[in-house]
Amino acid sequence: MKRMRTHPPSRKVIAVLAAALLATGVAACGNSDTGGSSGADDGTITLGFSQVGAESGWRTANTTSIKEAATEAGIDLKFDDAQQKQENQIKAIRNFVQQKVDVIAFSPVVESGWDTVLKEARDAKIPVILTDRSVDSADKSLYKTFLGSDFVKEGRLAGEWLVEQKKAATGPVTIVELQGTTGSAPANDRKKGFAEAIAANPNLKIVASQSGDFTRAGGKQVMEQFLKANPKIDVLFAHNDDMGLGALEAITAAGKVPGKDITIITVDAVKDGMQALADGKFNFIAECSPLLGPQLMDLVEKVHNGEEVPARIETQETTFTQEQAKEALPNRKY
Amino acid sequence: MSNRTAGYRGLTTHRLFWPVVVLVGMLAANTVYRPGFLSVQMRDGHLYGSLIDILRLSAPLILVALGMTLVIATGGIDLSVGSLCAISGAIACLHISQQPDQNSLGAVLTALALGLGVALVLGAWNGVLVAVIGIQPIIATLILMVAGRGLAQLITEGQILTINSDPYKAIGVGHLLTLPLAIFLALAAALLVAAVTRRTALGLIIESVGGNAQASRLAGIRSARITFLVYVISAACAAVAGFMMTANVSSADGNAAGLWVELDAILAVVIGGTSLAGGRFSLGGTILGALLIQTLTTTVYAMNISPQTSLLFKAVVVIAVCLIQAPGFRARFTRRRAPAAGPTSVTEQPKEQVPA
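These protein sequence lines are chains Z and P, in that order. Numbering that gives the first Met the number 0 puts the first residue of the first sequence at 0, with every later residue one more than the last. Numbering that gives the first Met the number 0 puts the first residue of the second sequence at 0, with every later residue one more than the last.
Calculated from the structure, these hints are not laboratory results. Nothing here was measured: the structure is a model prediction, and the numbers come from that model. From the three backbone atoms N, C-alpha and C, an ideal C-beta is built for every residue, glycine too. Any given hint could be a false lead.
Keeping only pairs whose Cα atoms sit at most 20 Å apart, straight-line, the calculated EDC-like set for lysine to aspartate or glutamate is [what the hints assert, rightly or not]:
id, chain 1, residue 1, chain 2, residue 2
1, Z, 255, P, 156
2, Z, 66, P, 156
3, Z, 204, Z, 138
Just the calculated beta-carbon pair ranges, DEER-fashion [claimed, not checked]:
id, chain 1, residue 1, chain 2, residue 2, range
4, Z, 169, P, 156, 46 to 52 Å
5, P, 38, Z, 202, 28 to 34 Å
6, Z, 260, P, 315, 33 to 39 Å
7, Z, 63, P, 14, 51 to 57 Å
8, P, 275, Z, 138, 26 to 32 Å
9, P, 108, Z, 183, 36 to 42 Å
10, Z, 169, P, 14, 47 to 53 Å
11, P, 318, Z, 202, 41 to 47 Å
12, P, 42, Z, 170, 24 to 30 Å
13, Z, 332, P, 275, 44 to 50 Å
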């Protein structure tokens, strides 16, 4: 049985998943304890995963990575797409508890309101792993660990690269910043990390910082005004690739050469951003990787075997210069 | 002397006087903050400056708000315009991205026709829900507001679709006679709508349907047909706005394109003096309202007001505009300052409410 599990194509996994979901629907009504994933007893780990939705290319890559890694690790994945709604996600987690999956993992849509459903999971003795986003529960025993990017570190890596590049600068270096959605964790943390890093050189000064809402249109609109208000801009730090891509058009329209007249640093490393980096329009990208599938499966196995895991685990991430982008681009999945 | 006072009062009581004052005030504040704000230069054969940016960026909002004005004039509301922008833009970009030659003019025109076509169908859907089935407009269009964004993401497969097409890009950032092409498109749409509504009886009929649909029907107007029509027009306006938004950044983002534009459009319509209760509308006022909203956004960026306080700043300006426009608020204000003028301002009040 186990050997067969490692082989079957994903279609079979989906069939099993669909069957299990059907079974739960019935079990939920009949209040039967024998329904659900009786297949979990053959030694295969069953993982219930609830995804936020499919709002961006980043998220799609995240989903693909988790599905592929589960197949590779021989873990039975029950995947649920919450379509950006907390109630869907709570429903999915309750279903997972009823199905008696071995481990539950999810990317919370929002930070608050998880205590009740997480307690239900704990009472059923099912360990929970958070991915990508955290929850604000005071009771840290509700989940085993949080696997995700360190946004402060991303900002810091971007800032440190800039400090290294401009260490020979004698005069002031003017920086403009395109922030993400006001109040969002990535925006707050990337801003903080970047500011901390560039404090190392008093010549580096942020002269303007506005929210571009993580969108291309927002980045472009804000950059247009930055360019008019500040005749001399040396560096642009954008909290994601998309705002940077929008700003590129504003910079070109202002008759400047992006990547040369203005050094552009962004975060994320999605495909379009990597292309701009390889083309010499961006100068540096700090990666925010969605490919946490293999790390997650590793953790699932550890948690299932009762091993101790750290309460906070960072996604393995890197940074890209223009040369590295040229090399990495052909294999880029998202 | 009394003549001059009457002239002054006539000016200040014009319903667009205060929005104009606020608009000019904001431009003045920007100029004080940065003297070069109003300066416009020639660059690469076209005009370049913050004022030009405001014109270009307000074009999609003007379009959406024009359609919204007509819908609101019938006493309805169209919440689905933001989603329609996203859908039409996504369809156009998807079609272009599948072409071997993205710069082919034929392909771009086909893409525009496809996007517009789908938007018209969806507008007709709204129209049928409201005019034929009789669902409350706010609910009927809410369906498409929510579902439509999902549809847009389905079209783009949840990705941001990047295209590389010069003819399509021109809709968003192209130039004509040194000015942004987008503003000419918005202006053309405004003139078209104005001609159709103000040079024919259509505008009056729309207002009468908004005033009292039942009475209009009894007077011989096919009110259901008029109601259906305004939702289709609104969808068409939203579609063109969607083309502009996606062309502006050469990419279709099902999630972000046109997000909350329906609220900005409603605000523009209200600032422009169109009554939310229906029954009268002002196209010029709507355009002014849209310009005011875009100027406000640009001001926040140009004056580098911190993102945490910018929402508050915008709210304060909008509240101020709405308050000083409200006859009740102004009457109270004038009475307190000059008690003797009390009776006159009271007698003047009904005069203001007569549709101009």
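**OP:** Taking the numbered hints from earlier one at a time, note which ones the structure violates and give those numbers from smallest to largest.
**Re:** Those not satisfied are hints 1, 3, 8, 10.
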